[in-house]
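Chemist: Kindly produce the complete structure, drawing on both the sequences and the hints.
Same order as they appear, the protein sequences are chains V and S. For the first sequence, this note's numbering begins at 1 and goes up steadily by one. For the second sequence, this note's numbering begins at 303 and goes up steadily by one.
Accuracy of the hints is not assured; some may be wrong.
[Stated by the list, open to error] Using C-beta positions, here's what the derived DEER-type ranges look like:
{"hint": "1", "chain 1": "S", "residue 1": "Ala319", "chain 2": "V", "residue 2": "Gln128", "range": "25 to 33 Å"}
{"hint": "2", "chain 1": "V", "residue 1": "Gly97", "chain 2": "S", "residue 2": "Thr370", "range": "44 to 52 Å"}
{"hint": "3", "chain 1": "V", "residue 1": "Glu76", "chain 2": "S", "residue 2": "Ala319", "range": "37 to 45 Å"}
{"hint": "4", "chain 1": "S", "residue 1": "Val494", "chain 2": "V", "residue 2": "Gly117", "range": "46 to 54 Å"}
It should be emphasised that the hints constitute simulated quantities derived from the structure, not laboratory data. Remember, it's a predicted structure, so these values are computed and weren't measured experimentally. For each residue, glycine too, the CB sits at the ideal point set by N, CA and C.
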Amino acid sequence: MTEQPALRTDGLGKRFGSRWALKGCTLDVPAGSVTALVGPNGAGKTTLLQLAVGLRAPSEGRVEVFGGSPRADANEVLPRLGFVAQEHPLPHGFTVGETLKLGQKLNPRWDDEAAHGRIERLGLPLGQRVGKLSGGQQAQVALTLALAKRPELLLLDEPVASLDPLARREFLNTVLEVVTDGGITVLLSSHIVADLERVCDHLVILSQARTQLVGSIDEILASHRLLTGPRGEAETVARMHTVIRETHTDRQTTLLVRADGHVYDARWEMHEVDLEEIVLAYLGYGSGAGSPRTAVGEVVAG
Amino acid sequence: MTWVGWRQQRTEAVITALVLVLLAVLLVPTGIQMAHAYHHDGLAACVGADPSYDCGSAIDAFHSRFGTVAGLINWFTLLPGLFGILLAAPFLIDLENGTYRLAWTQSIRRSRWLAGKLSFAVVGTLLACGVLIVLVTWWRTPFVHLEGRMDNSTYDAEGTVALGYGLFALAVALAVGAVWRRTAVALVVSFVGYFVARLFVDGWLRRTFLTPKSATFLRGARGPDLNRAWVLNQYPSDKAGHRMIFGDCVRSAGPHRAAINPTCLAQHGAGYQHATYFPAHDFWALQGIETALYTGVALLLIAFAAWWTHSRSA
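Modeler: Below you can see the structure in the form of structure tokens.
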């Protein structure tokens, strides 16, 4: 645990006018992890990523990338960061080749060979104008640009949201390849949970400008359970464990809990839950009758 | 940044260059013709103290031959504004499309990116306006010999003011676009702003830069050289320079007839002319002040655009 995290935030907050887009965000993204940033639209995912890459300045708290401030130490931090913005804006008048040249001119650590190799593998002609490419191809060019910087931390803001399922799969495969090659930390935001389990090993759930859950996916899966038992006994469970979601039928109560230790009571039937259901529970979407969340748990990254 | 700056400004730079080439195609042949006619008709001899009668008709002939083409120069005063606004466009498009985010997340600081982009626009505008000034000044040489260059349309196109006009238009477009983030809006607003500022300075402010000279001189005698001056005001006066009010010396000469009483006029010391004017040698002082004014405002606006973009954008 002494290894420096790739990204660390401490009480990080960003206010736009009177509205907090992000508040009290404290988390570590461990070096070498592939972390998913999950939350509904407007939860603060983009704000967090923009703070991390220095596009915005925090209203309060601190954000550090490899120990440096992305704004104050931009010269040290920026070369180590790869960023693909939402809608991956590229200058549409540029050709693919010129876009690569832009990357080469603006980045001292630029890997021209890798960039051209990747574009070649994608089958994109260098003379093609970026504006004429499909959305998926543009996303791939933007990713190529970010990767050729040889970043140590890659930040992807909703990279697949605008892509069709095939392009989405290809894009995530590229990310997987890069991760497998090693030495890179990835933080990617998405509101599509299904894609993430395949790619990610850590999870951050953001909702209403706050972090609801931070941790490794294995631990999250191991610690969350669905309990079904007699009605009216929920309090006993809540004394021991953190109840994330509570739903009732006439005779039964179903609880989604983060179990702090063993569930010993034989009256409760225990099931494993999948990641999507956990995420939905934290985001406040009940699967039955909507009942309020009793508590918000926090698992510290391992 | 140099290559990127050039690449992003390329289209606008090419359009600007094309406009200048087009202008040269129009001006160079007529300019050569004019210079030729000027020397051939011996007009140089007419520039001086007492133009003879022959000179008068030669000048008239010259005017009727080239007057229409020379009238074109009135339109050239819009060009510095167009250049400035055109060269502001790459910056505005970058802001509107969000592509600046791509640049800001590469390895260079946003301040360097801003400095690169803005200096490209400034240098481009200065170059374009500079070429325009050189072209027009060369072309107008015969007219300047004959009439001086205090005339509004000549004054606006020669000297250094056009540099200030171009920078000003560029700066307004940059500032409006930085705040508004709509290229089309910024271009329209800045063109209107450019026009209004020019009307205001040309029509009123310019005459307050310096104290104009005044002179009272006997009509028919040699007064100051008002031909080449910027004359604000000129009227018949008495010897002290007071405006002559002929009514005082008009007496009734029967029904529906009036006559001026010569004795009365003589008593008032009439027969003089009074003029308020900027002499020709004030040209550079006026140009200097006006250029400094436009450039100063432009630099403030550009600094504001840079600050706003730097601190308010993400």
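Chemist: Please write out, lowest number first, the hints stated earlier that are contradicted by the structure.
Modeler: Result: no hint breaks.
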